[in-house]
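**Student:** Each chain is listed here by its residues.
Protein chains: 2
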Amino acid sequence: MEKISANRIFYGSQEVWTHASAACACDMTFGIFLPPQAADTKVPVLYWLSGLTCTHENFVTKAGAQRVAAELGIAIVMPDTSPRGVDLPGEDDSYDFGSGAGFYLNATQSPWAQHYRMYDYVVDELPALVNEHFPVDGGRVSISGHSMGGHGALTIALKNPQRYRSVSAFSPIVAPTRCPWGQKAFAGYLGDDKSAWQQYDATELVQQQTFPGEILIDQGSQDEFLREQLKPELFQRACRDAGQPLQLRMQDGYDHSYYFIATFIEEHLRFHAQALR
Amino acid sequence: MEKISANRIFYGSQEVWTHASAACACDMTFGIFLPPQAADTKVPVLYWLSGLTCTHENFVTKAGAQRVAAELGIAIVMPDTSPRGVDLPGEDDSYDFGSGAGFYLNATQSPWAQHYRMYDYVVDELPALVNEHFPVDGGRVSISGHSMGGHGALTIALKNPQRYRSVSAFSPIVAPTRCPWGQKAFAGYLGDDKSAWQQYDATELVQQQTFPGEILIDQGSQDEFLREQLKPELFQRACRDAGQPLQLRMQDGYDHSYYFIATFIEEHLRFHAQALR
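From first to last, the protein sequence lines are chains A and B.
Numbering-wise (the working numbering), the first sequence opens with residue 1 and increments by one.
Numbering-wise (the working numbering), the second sequence opens with residue 1001 and increments by one.
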């Protein structure tokens, strides 16, 4: 583990660290915000999963989350969105596959299977590392994310309900097996067997196992990806059928950007703080 | 005037506009945040001047100012830090002179004098444009900025006390005639006659004319530029000698970054809101 930077913000510390990842077989970089309370005690922790094209940095600089996290005494861990620098053929050719587009799954297809194991990285390797090196309480963990990262948060929470106290998402890809982004990624990472796709589709997963607690989703009504890629109504219907409590809020006039996230991140942090007490 | 973008944030609108500038003899880009109150009434306006290497964009995405500005009903105008794309020789050779380093002055030396007239742009041209095209009250105006932009805010307010209700700064260059950044810029833009330099030095200006109201400055104690470039003690002494009320706050552990600005921007906005009522 190597500390890349540490900056004081809201009486806490915003840090960036790099480490050798066994899951991804490359060096990985993540951001972590430690609130001032972490100087004296172990604090609960929120994992934030970012969307397509992002690194660990976008949420750190643009969401304005540190202010409320400092008030509530919650650490935030912000992993990267894919392995980096592993030089696979075609890795950097498109914004929605390869670098910056790991989709929080374990790839099974060559050559991706060697490195693209973001599911294991986010669910197992990174929390073990964080719990060992930082003053966080590994028993009080929640998860959230945006777009592809909202897909990650929902699928990871639904597959591991015992590990997360709460889950929320902004503008999530809720049904990747039924939208172009997900179909392209899943075909590339998981191959043509569509039964393998379903284990990474929140709308499929919630029909098999619900999450113990209400799921919070914010979605902008002017989101340019709403109709073709995001389709929250599919998840809403599946939750209703499965008896999964869901608060889906359509936010009037907001788009897919970090301006939307910045506006509502405070409400998400307070939602998670209730569950992390 | 051409609208480049508009994004909803905190129930207001974050917009970016480009226009032909007479002062700078090139196209100029600025950001403007319009709070929700601007839908019904003319709102007061804060001008924010950014530091070296910045464009109009840094404060827009990193400061988290829109939340409190929306609550207080204050518009924020965020100009660029220099002319752009005017192709002067050497313009892009260094981070502290030329592009991104206009120093909010009117250059007198060739070839800079043709375009580098950020003082006229910020004091006259841009406010006239903003007052004409947006629902702002041109009689209720305040100014703030960071580093080179803190220098801009202080000098502009001291030279035009009738135009601004209040002035504040983060980590400002308070005595450019006595630090390497300022000496390099002033020699290039204004030539060797040091009497011309004094009209753009806040520590010199405050000894000639005070500002009607307390000046607020926040400075991080771990700022890497504190001792060589910023030297707030010089301005503090000049204010004391001149009878200028000054609140200079040394903030323990903070550096020169936007993490510092994000932490304290709320207090600056509330300081300006008092004066803008």
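Please note: incorrect hints may appear among the correct ones.
[To be verified] Listed next, the stretches of chain B that the computed footprint assigns to chain A, with coverage defined by at least 3 CB atoms under 8 Å from CB atoms of chain A:
no., region
1, 1004-1016
2, 1084-1092
3, 1129-1137
4, 1259-1265
[What the hints assert, rightly or not] Here are the in silico distance ranges between beta carbons for each label pair:
no., chain 1, residue 1, chain 2, residue 2, range
5, B, Ser1221, A, Arg277, 49 to 59 Å
6, A, Arg277, B, Gln1208, 54 to 64 Å
7, B, Asp1087, A, Gly90, 29 to 39 Å
8, B, Ser1221, A, Ala22, 39 to 49 Å
No wet-lab data here; the hints were simulated from the structure.
Here the structure is a predicted model, which is why all the values come from computation and not from measurement.
Ideal placement from N, C-alpha and C gives every residue a C-beta, glycine not left out.
**Student:** Next step is simple, just say for each hint if it's right about the structure.
**Tutor:** Here is what the structure says about each hint:
no., hint, result
1, 1004-1016, "holds (count 6)"
2, 1084-1092, "violated (count 0)"
3, 1129-1137, "violated (count 0)"
4, 1259-1265, "holds (count 4)"
5, Ser1221(B) <-> Arg277(A): 49 to 59 Å, "34 Å, violated"
6, Arg277(A) <-> Gln1208(B): 54 to 64 Å, "58 Å, holds"
7, Asp1087(B) <-> Gly90(A): 29 to 39 Å, "38 Å, holds"
8, Ser1221(B) <-> Ala22(A): 39 to 49 Å, "40 Å, holds"
Consistency note: the structure conflicts with the earlier hints numbered 2, 3, 5.
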